[in-house]
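Protein chains: 2
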Amino acid sequence: MIKTDALIIGGSAAGLVAGITVRRHYPDAKITLVRKEQQVLIPCGIPYIFGTVGSADKNLIPDAALSKNGIDLIVDEATSIDKEAKTVATAGGETIGYEKLFLAIGSQPLVPPLPGVDLEGVFSVKKDVPYLNGLMEALNKAKDVVVIGGGFIGLEMADECKKRDLNVTVVEMLPHCLFLVFDEHICVRMEEVLAERGIKVMTNNKATAILGDRKVKGVKLGSGEELKADVVIFGIGVRPNTKLAQDAGLRIGERRSIWVDRYMRTSDDSIFAVGDCAEKIDFITNRPSALRLASIATTEAHIAGANFGELRRENVGAIGVFSTKVGGLSLGMAGMRAKAAREAGLDVVVGTAETVNRHPGGMPGATKMRVDLVFHKWSCKLIGGQVSGGDSVGEFVNVIAAAIATGATADKIATFQVGTHPALTASPIAYPLVNAAELALKQMR
Amino acid sequence: MIKTDALIIGGSAAGLVAGITVRRHYPDAKITLVRKEQQVLIPCGIPYIFGTVGSADKNLIPDAALSKNGIDLIVDEATSIDKEAKTVATAGGETIGYEKLFLAIGSQPLVPPLPGVDLEGVFSVKKDVPYLNGLMEALNKAKDVVVIGGGFIGLEMADECKKRDLNVTVVEMLPHCLFLVFDEHICVRMEEVLAERGIKVMTNNKATAILGDRKVKGVKLGSGEELKADVVIFGIGVRPNTKLAQDAGLRIGERRSIWVDRYMRTSDDSIFAVGDCAEKIDFITNRPSALRLASIATTEAHIAGANFGELRRENVGAIGVFSTKVGGLSLGMAGMRAKAAREAGLDVVVGTAETVNRHPGGMPGATKMRVDLVFHKWSCKLIGGQVSGGDSVGEFVNVIAAAIATGATADKIATFQVGTHPALTASPIAYPLVNAAELALKQMR
Numbered sequence: 004m005i006k007t008d009a010l011i012i013g014g015s016a017a018g019l020v021a022g023i024t025v026r027r028h029y030p031d032a033k034i035t036l037v038r039k040e041q042q043v044l045i046p047c048g049i050p051y052i053f054g055t056v057g058s059a060d061k062n063l064i065p066d067a068a069l070s071k072n073g074i075d076l077i078v079d080e081a082t083s084i085d086k087e088a089k090t091v092a093t094a095g096g097e098t099i100g101y102e103k104l105f106l107a108i109g110s111q112p113l114v115p116p117l118p119g120v121d122l123e124g125v126f127s128v129k130k131d132v133p134y135l136n137g138l139m140e141a142l143n144k145a146k147d148v149v150v151i152g153g154g155f156i157g158l159e160m161a162d163e164c165k166k167r168d169l170n171v172t173v174v175e176m177l178p179h180c181l182f183l184v185f186d187e188h189i190c191v192r193m194e195e196v197l198a199e200r201g202i203k204v205m206t207n208n209k210a211t212a213i214l215g216d217r218k219v220k221g222v223k224l225g226s227g228e229e230l231k232a233d234v235v236i237f238g239i240g241v242r243p244n245t246k247l248a249q250d251a252g253l254r255i256g257e258r259r260s261i262w263v264d265r266y267m268r269t270s271d272d273s274i275f276a277v278g279d280c281a282e283k284i285d286f287i288t289n290r291p292s293a294l295r296l297a298s299i300a301t302t303e304a305h306i307a308g309a310n311f312g313e314l315r316r317e318n319v320g321a322i323g324v325f326s327t328k329v330g331g332l333s334l335g336m337a338g339m340r341a342k343a344a345r346e347a348g349l350d351v352v353v354g355t356a357e358t359v360n361r362h363p364g365g366m367p368g369a370t371k372m373r374v375d376l377v378f379h380k381w382s383c384k385l386i387g388g389q390v391s392g393g394d395s396v397g398e399f400v401n402v403i404a405a406a407i408a409t410g411a412t413a414d415k416i417a418t419f420q421v422g423t424h425p426a427l428t429a430s431p432i433a434y435p436l437v438n439a440a441e442l443a444l445k446q447m448r
Numbered sequence: 004m005i006k007t008d009a010l011i012i013g014g015s016a017a018g019l020v021a022g023i024t025v026r027r028h029y030p031d032a033k034i035t036l037v038r039k040e041q042q043v044l045i046p047c048g049i050p051y052i053f054g055t056v057g058s059a060d061k062n063l064i065p066d067a068a069l070s071k072n073g074i075d076l077i078v079d080e081a082t083s084i085d086k087e088a089k090t091v092a093t094a095g096g097e098t099i100g101y102e103k104l105f106l107a108i109g110s111q112p113l114v115p116p117l118p119g120v121d122l123e124g125v126f127s128v129k130k131d132v133p134y135l136n137g138l139m140e141a142l143n144k145a146k147d148v149v150v151i152g153g154g155f156i157g158l159e160m161a162d163e164c165k166k167r168d169l170n171v172t173v174v175e176m177l178p179h180c181l182f183l184v185f186d187e188h189i190c191v192r193m194e195e196v197l198a199e200r201g202i203k204v205m206t207n208n209k210a211t212a213i214l215g216d217r218k219v220k221g222v223k224l225g226s227g228e229e230l231k232a233d234v235v236i237f238g239i240g241v242r243p244n245t246k247l248a249q250d251a252g253l254r255i256g257e258r259r260s261i262w263v264d265r266y267m268r269t270s271d272d273s274i275f276a277v278g279d280c281a282e283k284i285d286f287i288t289n290r291p292s293a294l295r296l297a298s299i300a301t302t303e304a305h306i307a308g309a310n311f312g313e314l315r316r317e318n319v320g321a322i323g324v325f326s327t328k329v330g331g332l333s334l335g336m337a338g339m340r341a342k343a344a345r346e347a348g349l350d351v352v353v354g355t356a357e358t359v360n361r362h363p364g365g366m367p368g369a370t371k372m373r374v375d376l377v378f379h380k381w382s383c384k385l386i387g388g389q390v391s392g393g394d395s396v397g398e399f400v401n402v403i404a405a406a407i408a409t410g411a412t413a414d415k416i417a418t419f420q421v422g423t424h425p426a427l428t429a430s431p432i433a434y435p436l437v438n439a440a441e442l443a444l445k446q447m448r
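Residue numbers (my numbering), protein chains in the order written: chain A, 4 to 448; chain Y, 4 to 448.
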């Protein structure tokens, strides 16, 4: 039997960062990480394998991050937990004793139980190198690709397939792409960009069957239409992995993920859960949240890892900070939309500012930029923000996220001091975070 | 005599934003802006006129910002203030009565009293369209340019001149360019980029005379060396304009600018001062500060404008947030450096993280990125940060600035939730703000 202090199950972002954080906070701890994959993919980088970086091998988290932090790696599959004995058994026949256990066992892509989903050429976005190599081979021979799901992963996969000059169609159930995350005006802007790039988007529609014999030939839609397809890719969300926890008698939460408290402890004091497998509580609503993001996973890992020896950090809840880019259009979102906030029972006001992300507007790379900030009317605190524009959106949304996390009010944000530069940002006169806050204030008093 | 409610003297960033802010907070106020310039330049855009946007005309703040906000414009020069009568007299013979007066009278570039500074071909970076048109004409005929001062403006002017294929030399008194703002490792990195771009930098050196008869021919240095020059540009800082205030008996501060309280009021309750002409108090040290930035000016204008009718906002002090870009290297800085903090009597620790600004590293545009965060050891609050990397530095430094402004501690920042995307940011595992905070924590306890 192996004995360790901190045992981590799962080697993706959450598991790795949990291990590194234990090491940073507890230099003398023995740390062991068990994962079943030979190689670990950078999760958010997966779509970019297919049209940009060229192969799954170029999208790996290097194991040097483990060795550099003195984390022992065991490639094996954890099959059961004995909470009383504080041991984990593996498929390879090993038993590993732990002081504290960290479950970072992730999620599986959802594939609906449609006829034909098992045909050759039907894929989802699995974090699995050999599987993605299979998708790459299929795309190498394909002409027509249908992506089912117009969320982030779906659009990014569609755009990467388009970079390979394939005929690409996205099928989305809702009235717009990205409609679960962004306001309509942003979704429409993205649909324009997709159209410019020659990607066909069919909204208000859904797949009812995958057609073909052994191999996929097409997709049948709710509208009755049939789309030709050599490859079909599902990008409709994930289902948390919970079997290991459930079998061990750990509590499962409302959202069918592993229940955790604010310290990221499961119903067993010696077992933490982090990342996609762990239940999330929304920062604003205090209700269970369906958000699953690598950046939430790593935050949870920074919390749980610090709590290995003593309870040091509490989770304030999932804010949800997203960004994406298609063509020249970048989008960012943090916290809540006005619509969702109102549905949740909060009275909110929205401040909107439009400008360009350079100054003067004649600077190279200048792109239109729009910011919508959502403030809780009673407390005046920022609870959400959306931004569209050029590449600077990627960090701009993190300014919004920092303001949400620190409880900044509209008045505070209206007097934020910001760095501005002609080649890098909007002008100090038009800086849209400050101006959107100032305009929201007018609606608050 | 004209009567107005809010009278603003000065039409650059501070004056304009003061006017817009009065309008936003007090929809019914009569607002009048007096400025002496026919056209107003975007201050931070001035260097980019010469190598990028092509003419001063393309770097103007449009007067539509005034008319759209119902601000009356008078192009004239304010010559005196009568505090008791609450009137301002102008060079054009007008008298304007006010309820509240906003002085946004800016600053002048410093030119040292060296022999030859009045020669033809010697310039500073004045916010004056005809003057800058003169500089443009001189550059059109020039071959050798000497820039005196290796700060932001100096380097940006040097880089723009280099884009015109001129021989460019920068003369800097200190051991490094940008040494007043950045740590040595960043200054050295910038000097490498300047060298790659063929810009000669002479540090630890200063101009002792400008050579020539009617027209400049060269620059004599402290080292004895003589540099050939058709054009000499001074970029060594600014001197606040205070005469109008001083003549009116308003109090002048320690740093030879117009004294103001936290509400941005001068020693007269009815007169505010904002922007380069107004005294600044450092956010961290609580001491008068030499910082002069358009973004500080606009923040002060958001404060003073809101205080027109009642006292709504207080100035927390100047944080100082900078960014710049030369070649592919962008730099950002917010708050205090460790060295300056220690000199000011604060015990600090520094957390450093290095990564790339994309993930995986094979994504196009991936650039090395380094972040140094300075934390006050006792309170654990972030008080400063420096970042070098690609374009994303421009908004990344604003995440740092927001964290400083909101009093975020290292522990809070180590659990910040951030948006990450392969094409736009570092990976969630390596996000350098979070990791630098985590590494600083190790030195705090």
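Hints listed in this document are in silico derivations from the structure and should not be mistaken for laboratory results. Be aware that a few hints might be false.
Copies of the same chain look alike in the list, so a pair counts if it fits in one copy or across any two.
As the list claims (entries may be wrong) - For lysine-lysine, the following DSBU-like pairs were computed, each having C-alpha atoms within a straight-line distance of at most 35 Å:
| no. | residue 1 | residue 2 |
| --- | --- | --- |
| 1 | 209 | 6 |
| 2 | 445 | 6 |
| 3 | 231 | 203 |
| 4 | 231 | 33 |
Going through the hints against the structure:
| no. | hint | result |
| --- | --- | --- |
| 1 | 209 x 6 | neither (51 Å within a copy, 66 Å between copies) |
| 2 | 445 x 6 | between (61 Å within a copy, 26 Å between copies) |
| 3 | 231 x 203 | within (13 Å within a copy, 61 Å between copies) |
| 4 | 231 x 33 | neither (54 Å within a copy, 65 Å between copies) |
Violated hints, listed in ascending order, are 1 and 4; each of the other numbered hints is respected by the structure.
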